[in-house]
Structure formats: C-alpha cells, structure tokens
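Novice: The opening residue of the sequence shown carries number 1 in our numbering; numbering runs sequentially from there.
Hints in this document: simulated from the structure, not taken from any laboratory.
Quantities reported herein were computed from a predicted structural model and do not represent experimental measurements.
Treat the hints loosely; a few may be bogus.
Claimed, not checked - Derived Cβ-Cβ restraints for the label pairs, each shown as a range:
id : residue 1 : residue 2 : range
1  : N51       : L245      : 27 to 35 Å
2  : L245      : Q116      : 51 to 59 Å
3  : T253      : V275      : 31 to 39 Å
Unchecked claim - Here are the simulated lysine-lysine pairs, DSS-like style, with alpha carbons at most 30 Å apart:
id : residue 1 : residue 2
4  : K214      : K175
5  : K193      : K175
6  : K361      : K191
7  : K251      : K94
8  : K92       : K214
9  : K94       : K214
Note that beta-carbon positions come from the ideal geometry of N, C-alpha and C, so glycine has one too.
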Amino acid sequence: MSLRELIFLAFSALKNNLMRTLLTMLGIVIGVGSVIIIISIGNGATASITNQISSFGTNLIIIAPGAQNLAQRAASRQDTLTIADATSLTNKNKINNILAVAPDLLQTETVAANDQSGFYSITGTTAAYFSVNQLEIDQGSFFTDDDNTSLSRVAVLGAQVATDLFGEGSAVIGKTITINNKTFHVVGVTKPKGSSGFSSPDTGVFIPLETGSKLVFGRDYLSILFVQTVDANLNGQTEADITQLILDNHKITDPTKADFHLATSKDAISALSTVTGLLTLMLAGIAGISLVVGGIGIMNIMLVTVTERTKEIGLLKSIGAKKRDILRQFLIEALVLTIAGGLVGIIVGVSLSYIAAFLIKIPFIINFSAVAIAVGVSSLVGIIFGYYPAQRAAKLNPIDALRYE
1 MSLRELIFLA
11 FSALKNNLMR
21 TLLTMLGIVI
31 GVGSVIIIIS
41 IGNGATASIT
51 NQISSFGTNL
61 IIIAPGAQNL
71 AQRAASRQDT
81 LTIADATSLT
91 NKNKINNILA
101 VAPDLLQTET
111 VAANDQSGFY
121 SITGTTAAYF
131 SVNQLEIDQG
141 SFFTDDDNTS
151 LSRVAVLGAQ
161 VATDLFGEGS
171 AVIGKTITIN
181 NKTFHVVGVT
191 KPKGSSGFSS
201 PDTGVFIPLE
211 TGSKLVFGRD
221 YLSILFVQTV
231 DANLNGQTEA
241 DITQLILDNH
251 KITDPTKADF
261 HLATSKDAIS
271 ALSTVTGLLT
281 LMLAGIAGIS
291 LVVGGIGIMN
301 IMLVTVTERT
311 KEIGLLKSIG
321 AKKRDILRQF
331 LIEALVLTIA
341 GGLVGIIVGV
351 SLSYIAAFLI
361 KIPFIINFSA
371 VAIAVGVSSL
381 VGIIFGYYPA
391 QRAAKLNPID
401 ALRYE
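Work the whole structure out from these sequences, hints included.
Specialist: Encoded structure:
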C-alpha cells in the first residue's frame with residue numbers, strides 16, 4: 001500500500017470516530033498549551049523584572065543587613081545596618097566615588113485619611129531616595145533634607161495610596177493622614193511607576209528618615225541602603241571601600257564575619273533571573289507530565305481501536321496488505337492525533353499567553369524553541385505510545401482476524 005493510501009485510511013478511521021478523536025487529542029492540547037503558557041509567562045516575568053532593575057542603571061550598589069552567605073544570613077541578625085552607616089558613606093573624604101546615599105527604613109503600618117484606611121509600606125528615607133530610585137512627582141514636591149533634620153511630619157504618597165485614600169484625581173497637597181496614629185501633612189504625590197523589582201512605590205508612603213526612626217518605628221536600623229556611584233567602572237573598588245568602612249563602623253576585623261552584604265543591580269538581575277528561570281523550568285516540567293498522560297490516553301484508545309477493527313485488519317491482510325502496511329497505518333493515526341493536538345495546543349497556548357501577559361502587565365514573549373520542543377515531544381509521544389498498538393495490529397493472523405467476533 002502506498003503512503004498516500006495509508007494516510008487516507010488513517011484520516012477516514014479518525015473521522016468515523018470524531019468525538020473519540022477530539023477527546024483523545026485533548027490531553028496533547030492541554031500539555032502543549034500548558035508548556036507554552038508557563039514558559040511564556042516565565043520569560044515575560046523575567047524580562048519585566050530585568051527591565052525594571054536595569055532602569056536603575058549600572059551605578060547602583062545595594063547594601064543589606066545579614067551575612068553574605070545565605071545559610072549564615074538566615075541565622076544572623078537583621079538589625080545591623082544603621083542610620084550611622086548611611087551617614088558615614090556620605091563623607092566624600094572617605095569614599096569619593098559616591099554620588100548619593102539613600103537609606104531605606106521600611107515597615108508596614110496602618111495609614112488613614114478621609115474616612116479610608118489600609119496597610120501600606122512606610123519608607124523612612126532622605127531626599128536622595130527619590131532621585132536614586134528615579135521617582136517623579138505628580139503633585140506638590142518631595143520633602144527636603146531640612147525636613148529630615150527637623151523631624152518634620154510630612155509625607156509623600158505613592159500614586160495608588162493617594163487614589164485609595166482620597167479618590168482618583170483628587171488634589172491632596174496640604175491634606176493630612178495618620179500613620180500609626182500620628183498626623184502627617186501630605187507634601188507630594190509620585191507619578192505611577194509600577195513595581196521596581198524591589199517594591200512598588202505606587203503603594204508606598206515616604207516620610208523623612210529621622211521622623212520615621214524616632215516618631216513612628218522606634219528603631220534606627222535600616223532595611224536596605226542604596227548607594228549611587230559616580231562612575232560605574234569604579235564600582236569594584238567602591239564596593240571594597242564601602243565594605244571596609246562599614247566593617248570599621250561595626251568593629252569587625254574578619255571580613256568573613258561581616259553582618260551585611262553588598263550587591264549591584266547586575267547581581268540582582270542575575271539572581272532574580274536564575275530564580276525565575278528555575279521556577280519556570282520546574283513548572284514547565286510539571287506541565288509536561290500532561291503530555292505523558294495524553295500519550296497514555298492515545299495508547300489506550302489505539303488499543304481499543306485495534307480490537308474494534310480486527311476484522312478490517314484481517315480483510316486488509318487477505319487482499320495483500322503486509323505487516324509493515326498495518327504498522328504504518330496505525331502509527332500514522334497516532335501521529336495525526338498528536339501533531340493535530342500539538343498544533344491546536346500551540347494556538348491555545350499562544351492565545352492564552354497573550355491574554356495573561358496583557359492582564360498581569362508583563363511583556364508578551366513566545367520562545368519558539370519551546371514551541372518546537374513541545375510539538376516535537378508531542379510527536380515523539382505519538383510514536384512511542386502508538387507503536388505498541390500498531391505492532392499488535394500488524395501481528396494479527398488474517399484468518400483469526402476475519403473470524404473475530
């Protein structure tokens with residue numbers, strides 16, 4: 001029998017049991033679609049985080065409390081980085097490659113105003129924080145260094161916080177809010193920015209560092225410290241100088257026992273990309289299991305089909321069909337099921353990936369190698385799980401097949 005005749009017979013058989021064919025394909029459709037969706041969302045999320053952190057530029061050094069080693073960090077104290085450390089870094093006589101220092105004293109508190117309230121992240125910081133984190137003002141202005149030294153009760157609201165508390169488009173400059181039952185005057189509202197990779201300034205409230213430390217939080221240790229350098233090419237030496245200065249501040253002589261750690265924006269991108277990449281790979285592997293389940297479904301249906309068509313197989317053999325013809329016919333049927341399911345899965349996966357990217361506001365990225373792999377795997381599944389039923393059909397004795405009831 002020619003290949004054309006075998007393909008025609010395969011399509012005819014699948015068409016005669018259309019509902020069964022569609023249900024059998026469904027497992028492959030779900031498997032291929034799931035793999036594409038998960039990889040697309042994972043790549044989109046990674047790209048989004050990378051773009052957001054890259055927006056800080058390459059001249060950003062991040063200092064955080066806790067040891068450099070992850071295992072040691074989990075067991076170490078997290079109250080080691082202080083306002084005094086931030087102040088010492090502003091001394092140009094000690095490190096001259098520093099452009100700005102932005103301390104971040106972060107805590108979640110209840111914020112209330114205008115009969116509305118909610119939990120928001122409160123950031124105690126200095127005026128430099130806004131330029132370092134590239135925040136722009138929408139209403140009013142940022143607070144100043146004088147506000148910090150004089151313990152002024154002023155606040156700059158993130159765009160979403162202003163909307164939540166006062167309503168969209170409201171003029172809020174000069175109005176008051178309460179943070180931890182203490183009154184603050186609103187002096188500014190930031191423009192919407194979205195997630196910055198570390199946090200979302202849109203859902204934050206910013207107050208002067210000293211005001212936050214003494215009147216709201218009751219502590220002077222920092223959550224994180226941003227250092228913007230003048231020349232990114234000198235970051236290596238600057239990191240070494242910062243490390244030594246803070247070690248001296250903390251009276252630590254052994255650098256391996258440092259109670260803080262440094263990272264650059266490039267380090268943060270690399271770490272976050274690794275984490276999201278591994279998570280995407282793991283989820284794609286889990287989704288790929290559905291391809292195997294779909295393959296098992298194909299094998300089960302093909303075995304049933306062989307039983308149902310025993311007389312047909314006997315008739316084909318009696319008129320000259322060889323074993324290889326029967327084997328090829330049933331393998332073609334299995335391949336048609338998986339390839340068709342794979343193509344439908346691609347359409348479903350790409351469509352849902354686009355919708356998901358639009359809804360969660362991440363870049364829409366389709367990895368064509370992942371698509372090719374998904375379809376290739378689905379075809380391989382068809383061959384592997386279709387081979388046994390096809391071989392079983394090919395081995396049937398034509399006389400016994402014709403007498404089968």
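Novice: Taking the hints in turn, state whether each one holds.
Specialist: We went through each hint and held it up to the structure:
Between N51 and L245 the beta carbons are some 32 Å apart, a value that agrees with the proposed interval 27 to 35 Å. The hinted window of 51 to 59 Å between L245 and Q116 is violated, with their beta carbons roughly 44 Å apart. At roughly 34 Å, the beta carbons of T253 and V275 sit within the given window of 31 to 39 Å. Straight-line distance between C-alpha atoms of K214 and K175 comes to about 23 Å, which keeps the hinted pair within the 30 Å bound.
For the hint pairing K193 with K175, the CA-to-CA distance comes to about 23 Å; that is within 30 Å, so the pair holds. For the hint linking K361 to K191, the alpha-carbon distance of about 18 Å falls within 30 Å, and the restraint holds. Proposed proximity of K251 and K94 is supported: the alpha carbons are some 17 Å apart, at most 30 Å. About 27 Å separates the Cα atoms of K92 and K214, which keeps this hinted pair within 30 Å; it holds.
With a C-alpha separation of about 28 Å, the suggested pairing of K94 with K214 holds against the 30 Å cut-off.
Hint 2 from the list above is the single one not met by this structure.
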